[in-house]
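Trainee: Spelled out from the first residue to the last, the chains are:
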Amino acid sequence: MDDLIANAISKAELKGASFAEVRVFGYKYENISTRDGQIESCGIYDDRGYGIRVIKNGAWGFASTAVIDESNVDEITNLAIKEAEATSKVQKNPIVLTEEPIIKDKYKTPFKIDPFDIPLEDKIEILKLSDQIIMEKGDIIKSRSNGMAFYNVYLDYGNSEGTRITQEEVFTGANVSVIAIAEDNQSRNEGLFEMRGYEFIEKFDFEKTSDQIAKEAVILATVAKAPKPQKANFILEPFQLGLTIHESVGHPSELDRVLGWEADFAGTSFLTLDKLGSNYKYGSEKVNLVCDPTMPYVLGHEKYDHEGVATKKFDVVREGIFKGYQSDRQTAKIVGLDHSNGNARIARYNRVPLVRMSNLYLEPDKEGPRNIDALIEETDEGIYGIGWKSHSIDDKRTNFQFAVQIAYEIKNGEITGPLKNTLYQAATPEFWGSLDMMTKEWAIEGLGPSCGKGAPHMQAMWVSHGGPHSRFKDVSIFTG
Amino acid sequence: MSLEQQKELLHELAELALKRVKELGAEAFVNADVARQYATRFSNSEILQNYVDFKRSFELTVVYNDKQKSTSVTNDLSKESIVKLAEYVTKVAKLVPPDPMYPGIFKEKQEYPNLQLNDPSAQNLQPDDIVDKIDGAIIAGEAVDQKVAGVSGNFLLSDGFRIYSSSSDVEVIYPSTIIGTTLNIHAQDSDEESRSNSDFGGRIFNKLDMETESQEVAERAVKGLGTVSIEPGDYEVVFDHQAAFTLVLMTAMATSSMQLINRRSFLNDRIGQQVFDDDLTLVNDPHNLDLLSARPIDDEGLATQSFPVIEDGILKNYAFSRLHAAKLGAVPKGCGFSFFGRTIGFPFAMVMKPGLKPKEELIAEVDDGLLVTNLHYTNFVNPPVGSITGMSKDGLFIIKNGEIVGSAKNMRFTDELPRFLKDIDVGKEIRQPTSMMGIGSMVAPIRAKSFKFTSKTEH
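Taken in sequence, the protein lines are chains A and B.
Numbering of the first sequence is given in my numbering, commencing with residue 1 and proceeding in unit increments.
Numbering of the second sequence is given in my numbering, commencing with residue 481 and proceeding in unit increments.
Isolated chain A (complex conformation) (with noise of 0.2 Å):
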């Protein structure tokens, strides 16, 4: 690729252009899935092609293709150019970025096991034993699904200042879910997601994750009872908290929503610049919420993101105070910022980069109870929500109103009874102001590629998040 990235840079410069990249993206995806003790998909998905990225007279242009062969490289940033040109006539004003290192490595995330090396027969086999599980239950399941779904994504970057990069994930998801009726209709499923390759099929462990699903569905439709209206101590697992992370931290932090970018579509944020470097308290002194996309093995893992800038750790709040912005090169430079914080992704090779999350996740209370039991037993009264059901928050990421998909009760100390149809409404900063006790232990959970944002053409991220087990106080608990 080297050859084309180098063609394509210099043409690109040839013809006024200030600023070049190209990218090359492969996004190749294989999904195996069941429903109801038949494969319901299987197969491939694979896409892949390059883009070329331009600023000439202070305009952005952008073309791509999905032919990736030198013989083109002249239309597209023909292409690109003209569309730059274009733009400039009615810019006002023009794109200025930050000044970023000059790198050129080859990265790829670490694995065992290529999950593309696994024999299709080997993965079916797995799938229809976990529904064998389920469907030990009885007749009360009604319905049942699971599946696996393996990545590999490249990306080939060069840029006219010096930086060349390659970087290759491949990660792992999987999921089992269950439908029973009895004396309600009620759901419940796992899906998780891991930057490892087919290793994680193990360590997500069909078997026991089927088991648990099952009877949990079971107890839902048959003696879970609706929580009453009232204001509770409220207990998130990792995955819920980090959804929770996800709506009301990651998104209204994203610099480009800030400026007003996505308002169209994704929506802005309440997050506004006079915010930054206010001291503005986000949450109680125990909220210490960390962008980390180094970590390797979690979903959001990468070295670079996709303008070439080593991506790092850094506060988003630390101690209940906003810290800082996801943001990439334009947007950082808008604002003031020397540097770009590494947040710039695309989904497809022919999707322009937004700011987007990777892994942003609440660290954990070294002082706080061990694990979920001991942090229970701190809990007189409380309820304890888990996994993800229902999720809506506003334009701004204010007012955000959750469902769990299975809670318990907890009088004393002790979890007393299973709650179904259990939802959680709050305000973003009184939210995380009420966070008062969080466990040692913690998780990060990947959530595959399903966050959207951007328009016209939506671009489905893959982020991870998670913390501790968290306790809220005084949050709004109903039913619905």
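Simulated from the structure, these hints should not be mistaken for laboratory data.
The beta carbon of each residue, even a glycine, is placed where N, CA and C say it ideally should be.
Please note that a few of the clues may not be correct.
Selected chain A positions facing chain B (Cβ under 7 Å, derived; list incomplete) [what the hints assert, rightly or not]:
hint, residue
1, 143
2, 264
3, 480
Covered stretches of chain A (chain B as the covering partner; in silico rule of three or more C-beta atoms under 8 Å from a C-beta of chain B) [as the list claims (entries may be wrong)]:
hint, stretch
4, 84-95
5, 392-403
6, 431-445
Residues from chain A shown here face chain B by an in silico Cβ test under 8 Å; the list is partial [stated by the list, open to error]:
hint, residue
7, 43
8, 44
9, 64
10, 66
11, 142
12, 350
13, 352
Chain B: place on chain A using the hints.
Mentor: Chain B in isolation, oriented as in the chain A frame:
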């Protein structure tokens, strides 16, 4: 390569794939498309990014012994790649266990309507044409009032061909032009901001009037300034087009055979029942040329057809894929909708029957209520009972004694579709807010007697 040449290429590659699959002892069908796409993102009255893309997608489904099926997708349209794809998908189809309910490849001969779904002049468009159109909208919006602080939005023009081709000697190739755009205009007054939004589109570039739309959106944004906080509760509301579109989409989801198979739909086992107000009629009308989701053939090779989904409030039909229809003992009606190798039934071309009253009259009949222009992040809370939650967005207006008297800060709603759509009036003006993924709907404003807002925001 011109689009015409790419169309020819699709035909050749489909033939090649089907031939190779046949040699390997199986049957197959192809869903593929090529398109030139011009896209623009703009914000704060400035173009952020213009780009051009040549979309290519070749989806091959192989069926072995009528019961074993596999689907894969590539965007590599070289002959070598397509032969490799055919060999891989056939190998997988032979490996997967048979599904006794799968009805096999569709073999009946059908008449496919010839629909004019493209703008022949679109292929001559240049980046300057797109920029001029958007710049015109920006200038028109900004000129409405000094309080207009910025025009944002996006634009997508997709012009190309789609093909369905199968081992049963069916080949349908049709051109398609789709233009979708969003305008989001921001008004500012001292410390307060207000936004208004419009999603709209069409097929003919020269007929797309972004300037007039921009003026209307800007006027609404300015009217949205001066918000007051009101208490959540039960309100009589008028849903403008954009909000009504979301409600129709959520209702359409509940008629999808996927939800029936999952037993998660509030419309399960309710065919023939009066679920909604008798003012509500929704028809799946894929031959309506005004609909951006119109098409002659579905993703399983069935000719699309018009049928009532809800008629006078009575649930009339679900939307089935062929597999789901076989499982549930129903007849599919050309609603197969594929994504990433999965096929579900979905009524992707819903048209609401308009009422007699203009929107102004619907508003005039409200003594104490709200005009909801747009809904945001709407999701099901509990699908089996049809409960949904979401936020108002881009303008929530207070109605007193039949007149709009001000605007309110946004509120969250949590309510059940079959409850609040049980007592409605449907307005007269039909519009088509665009949406992604090939699902479209033409809707009228709806007045609902009762709609539950459950919490509020400070903006």
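Trainee: Of the hints stated earlier, which fail here?
Mentor: 6
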